[in-house]
Amino acid sequence: MSTPALLGIAAAGIALLLVLIIRFQVHAFIAMMLVSFLVALAAGLPITDIIPTLISGMGGTLGSVAILVALGAMLGRMIEVSGGAGSMAHRFTEWLGPKRVPAALTAAALVLSIPVFFDVGFIILVPIIYGFCKAAKVDPVKFGLPVAGIMLATHVVVPPHPGIVGGAAVLKADIGWITLIGLSICLVLAVLSQFVSRWLNRKRYAMLPTTAEQFAAFDAGADASARQKLQAPGVGVVLTLIVVPLLLIMAGTTGATLLPKGDPLRGVLGFIGSPIFALMVAIGLAFVMIAKRQGWSKTHTNEVMESALPPAATVILVTGAGGVFAKVLTATGIGAALSQSITAAHLPLILAAFVISLALRAAQGSATVAILTTAGLLAEAVVAGGYSAVQVALLAVAIGFGGLGLSHVNDSGFWIVTRYLGLSVADGLRSWTVLTTVLGVAGFLMTAALWTLVA
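For the sequence shown, the numbering used here assigns the number 983 to the initial residue and increments by one for each residue that follows.
FYI, nobody ran anything at the bench for these hints, they're computed from the structure. Among the clues, some could well be false.
Stated by the list, open to error - Calculated pairs, DSBU-like style, for lysine-lysine (alpha carbon to alpha carbon, straight line, at most 35 Å):
#1 1154 x 1185
#2 1154 x 1243
#3 1081 x 1116
#4 1119 x 1081
#5 1243 x 1081
#6 1185 x 1124
#7 1116 x 1185
#8 1119 x 1185
No experiment lies behind these values; they were computed from the predicted model shown.
Sequences and hints are given; from them, build the entire structure.
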């Protein structure tokens, strides 16, 4: 089949995916599976090969993604239920002082958002945000906007979050390099989120009546949060559970970069630095540092960990469906056709990665779907380009930052942030949408700058 025909099928498939998700509100998993089947059929893949291709795409992606997402969800859930998030937010505020409450909350949010999914993490911090806003006599948007901004930035580029982990699996990118690059850029974006949010908050937004009532009646909740703080694990425990796996992963990446092949130490570092082993270590530490110290019974501990799995299961299935779509694009030759077209157009691959992801994010709302779809579209071009491990990681991060920008009314995160912060739809577009787009573009520009250094 000709290149224009293959690219036309790909465009039609993506358009159908967007219509199913946006117009008919079909679940992302069903929509991606259906579109994958139809694209394979339209592109002329033998009918006897279609189902095996779908199964291969699902299995190849979930081999590592399912384990990472499940372990990350369990770790985050244990931190959440134990009250560790609130403890960390209070301690950061004590360290930085009352005048730097927004900076303290943003720093705590950056750390917390590594193992905890964006929606859950933000909701966990809402009582803390309300409490400090009540004390400072300001509206929740003043402190909550930069917190939400950096949490979403971390969600799209730092493992073990599903979009970037799934994208890495499709591109065969090194998780260690992605973690190092993504975290480094997010540290800068945390500062930028503060400055941009302060600029956006130069005017006062009218608080929605329902949020105003909830905020006004918050005193009892704040007292409960204070009581919980006495029993919650300290900030040192939370930081240990988050930093230890990151250090292990980075040790593995450093060994693979600096030590020659065949060196026994490289093999050892590669083993302990594998993301699955690192998260297993963190879970083991959580049993001792949270479950045991909190006096949880084995039954309660199991219930806490199992409660993390239903939400994670949906994420895992959507991620797997993204892998199916990527496999179909490769098997039908669409990926190769797109790769040739990008080469012929002389469009830098890293720019294409960001722009395609940003367009898909704006069109259908889900950052995870945007990242997975873009990774699938560009996987063939990445393989054909013969890029280094660092370059492939940078491409994955660029795709992630494309999934950060232009959060608006078709994004569930938009509604969570705006409703908890009391913003109308118009004010949400003026503040939250602008903030996510600025952070996404800034993150991409820093990624592109690193690309020029290693190219």
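Quick rundown of the hints versus the structure:
1. 1154 x 1185: Between residue 1154 and residue 1185 the Cα gap is close to 45 Å, so the pair fails against 35 Å, i.e. violated.
2. 1154 x 1243: holds, 19 Å
3. 1081 x 1116: Measuring from Cα to Cα gives roughly 14 Å; hence the hint holds.
4. 1119 x 1081: Status holds; Cα separation ~13 Å.
5. 1243 x 1081: violated, 52 Å
6. 1185 x 1124: holds, 10 Å
7. 1116 x 1185: holds, 19 Å
8. 1119 x 1185: holds, 16 Å
The earlier numbered hints that this structure contradicts are 1 and 5.
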